[in-house]
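Undergrad: Sequences listed follow chains A and B, in order.
No gaps in the numbering here: position 182 of the first sequence is 182 in the numbering used here, and each next residue is one more.
No gaps in the numbering here: position 179 of the second sequence is 179 in the numbering used here, and each next residue is one more.
In short, the hints are calculated from the structure, not lab data.
Be aware that one or more of the hints could be misleading.
Stated by the list, open to error - Below 20 Å or equal to it, Euclidean Cα-Cα: the simulated SDA-like pairs (lysine to any residue) are:
hint : chain 1 : residue 1 : chain 2 : residue 2
1    : B       : LYS10     : A       : LEU93
2    : A       : LYS14     : B       : SER35
3    : B       : LYS19     : A       : PHE30
4    : B       : LYS19     : A       : ASP3
5    : A       : LYS14     : B       : ASN11
6    : A       : LYS57     : B       : ASN11
7    : B       : LYS7      : A       : SER54
8    : A       : LYS14     : B       : LYS10
9    : B       : LYS10     : A       : LYS163
10   : A       : LYS14     : B       : LYS12
11   : A       : LYS14     : B       : LYS19
12   : B       : LYS7      : A       : LYS14
13   : B       : LYS23     : A       : ILE34
14   : A       : LYS114    : A       : LYS163
15   : A       : LYS4      : B       : ILE89
16   : B       : LYS130    : A       : LEU10
17   : B       : LYS140    : A       : SER25
18   : A       : LYS14     : B       : ILE152
19   : B       : LYS183    : A       : VAL47
20   : B       : LYS10     : A       : SER43
21   : B       : LYS140    : A       : ASN278
22   : A       : LYS14     : B       : SER156
23   : A       : LYS4      : B       : LYS183
24   : B       : LYS23     : A       : SER134
25   : B       : LYS19     : A       : GLN46
26   : B       : LYS12     : A       : LYS4
27   : B       : LYS12     : A       : LEU56
28   : A       : LYS4      : B       : ARG172
29   : B       : LYS12     : B       : LYS140
30   : A       : LYS4      : B       : LYS130
31   : A       : LYS4      : B       : LYS19
32   : B       : LYS183    : A       : SER37
33   : B       : LYS12     : A       : ALA245
34   : B       : LYS8      : A       : PHE30
35   : B       : LYS183    : A       : LEU23
36   : B       : LYS23     : A       : SER37
What the hints assert, rightly or not - Here are a few chain A residues that sit away from chain B, every Cβ distance over 10 Å (derived from the structure):
hint : residue
37   : ASP3
38   : ASP19
39   : SER37
40   : LYS53
No experiment lies behind these values; they were computed from the predicted model shown.
The beta-carbon is built from N, C-alpha and C at its ideal position, and this holds for glycine as well.
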Amino acid sequence: MTDKDLISKLNTLKNVNPDSSWLTSNRELFLAQISNSGADKLSGGQVFFINLKSFLKASSQPVFALGVFMLVLVASSIFGHKLFSQAKPNDSLYIARIISEKAKLNTLLNPEEKNKLAVKFATNHAQDISAVLSDPSFNNEENKDQVAKLSDSFNKEIETVKKIVNASVAKSYKTETSTNEPVEMSEEAVAIATEYKTEQGIQIKENEASRQAPVINAGAAIKTEQTTTSTETKATSSVEIKVEAEADAKINEADKIIDEAKESFNNKDYHSVIDKLNEVTEIIK
Amino acid sequence: MPSNIVKKFKNKQTLSRLKSRDKEVFTEVYDANVSDIHRFVYFKIGSREEANDLTSIIFLKTWDHIQKNTLEDAKTLRALLYKVARNAIIDYYRERGSHKPISLDDEENPIDIAADMSQSDKIDDDQDLKRIVSKLPFLKEEYREIIIMRFINDLSLEEISDITQKSRGNVRVLLHRALSALKDLIEPKPNA
Numbered sequence: 001m002t003d004k005d006l007i008s009k010l011n012t013l014k015n016v017n018p019d020s021s022w023l024t025s026n027r028e029l030f031l032a033q034i035s036n037s038g039a040d041k042l043s044g045g046q047v048f049f050i051n052l053k054s055f056l057k058a059s060s061q062p063v064f065a066l067g068v069f070m071l072v073l074v075a076s077s078i079f080g081h082k083l084f085s086q087a088k089p090n091d092s093l094y095i096a097r098i099i100s101e102k103a104k105l106n107t108l109l110n111p112e113e114k115n116k117l118a119v120k121f122a123t124n125h126a127q128d129i130s131a132v133l134s135d136p137s138f139n140n141e142e143n144k145d146q147v148a149k150l151s152d153s154f155n156k157e158i159e160t161v162k163k164i165v166n167a168s169v170a171k172s173y174k175t176e177t178s179t180n181e182p183v184e185m186s187e188e189a190v191a192i193a194t195e196y197k198t199e200q201g202i203q204i205k206e207n208e209a210s211r212q213a214p215v216i217n218a219g220a221a222i223k224t225e226q227t228t229t230s231t232e233t234k235a236t237s238s239v240e241i242k243v244e245a246e247a248d249a250k251i252n253e254a255d256k257i258i259d260e261a262k263e264s265f266n267n268k269d270y271h272s273v274i275d276k277l278n279e280v281t282e283i284i285k
Numbered sequence: 001m002p003s004n005i006v007k008k009f010k011n012k013q014t015l016s017r018l019k020s021r022d023k024e025v026f027t028e029v030y031d032a033n034v035s036d037i038h039r040f041v042y043f044k045i046g047s048r049e050e051a052n053d054l055t056s057i058i059f060l061k062t063w064d065h066i067q068k069n070t071l072e073d074a075k076t077l078r079a080l081l082y083k084v085a086r087n088a089i090i091d092y093y094r095e096r097g098s099h100k101p102i103s104l105d106d107e108e109n110p111i112d113i114a115a116d117m118s119q120s121d122k123i124d125d126d127q128d129l130k131r132i133v134s135k136l137p138f139l140k141e142e143y144r145e146i147i148i149m150r151f152i153n154d155l156s157l158e159e160i161s162d163i164t165q166k167s168r169g170n171v172r173v174l175l176h177r178a179l180s181a182l183k184d185l186i187e188p189k190p191n192a
């Protein structure tokens, strides 16, 4: 007999089975015994959880670890900012909030948007510091080092707000002047504009009452041209002056409120600080 | 690779559900494995009545083991059942105080082949098979066990390796030796 024949014969023995009546009776007895030891049907939720755990474990250790890591990464990117944004300056998660805000700022390409958000963050920080310091259970002799640190941080945040406000308010007005919106001009500028458009392409709205035709002759042409240039410059300058004046007024207003906020902070009037900073936020909107 | 993950998943899922005392899954486990375990025990100890009792004990012990342990000692549930079965048989021999082979074609305890056997040749008609079955108990315990697991119950080399705590290479060598030994019993070589 060859090995193959022997194995083939041995295989036929797999048809040897226990008696069917014994199988049935033993099954019932066995199920009764395990029920007595606490066996029962699992709920759908329990089965789902077991299936998920088993799948992750079956994938392999590195895949399981990677899956958990990806889940934490996605969850923290979705919920992380919401979580950190509530962290106060004396919380352990505050640093995470700062990092999260910095990351958000770095993702913005538009400088205007970036400045607005930076001011918002700095203002929020200053307000949060004020809120923390207004709490007598924190602002005491025991925490004087931390209070001093927070006061320094407040001053830095305020300076940041001032700097960015000055830059962003002035820039926003500069941006306004370069648009194609019609701008009211003086009578001389209107007269010239009917013949000459500015290089920047500003459309000049005609003021009917002040229309004046230029005198055209050889000598006068040169004179007109010179007059044109100087009038044109005057017209442009007067618009810019008006715009700059408005920008300055806003900056002065913002600066004034920021200084008032600083004063209130030094006087430990923290609620007033928070209100003043809210006003600053409104100005730069 | 995917079928390997599916197998691993099913195994981990079954073990986890058993650990959670899921009656439904243990019923499935019982139904799927009771005949194999009974056959393994029967061919090891040679008595149908004893095999019936031992099979019940083996399943109860497995259930108990799963509840009390971390399940790190068996890669699959089937391997765990066989490990418990081997230990139960060792306890049985210890209690009996004897380890002599028992003939499987004992007239008082004839092999009771199931009526729904699929082979066209029944054992009584197959002299070769009859001879094999009669000589099986005289094999060394280790050889008999491995022949039952591999050629009668169709366990894989990996499963046998896990159950016996031997390497796959050792299992292959053991199988070869076991077959040779059985062949020598069935067809003894004439003396030179």
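Undergrad: What are the numbers of the hints the structure violates, in ascending order?
TA: Numbers 1, 4, 5, 8, 9, 10, 11, 12, 15, 17, 19, 21, 24, 26, 29, 31, 32, 33, 34, 35, 37, 38, 39, 40 - these are the hints that the structure violates, sorted from lowest upward.
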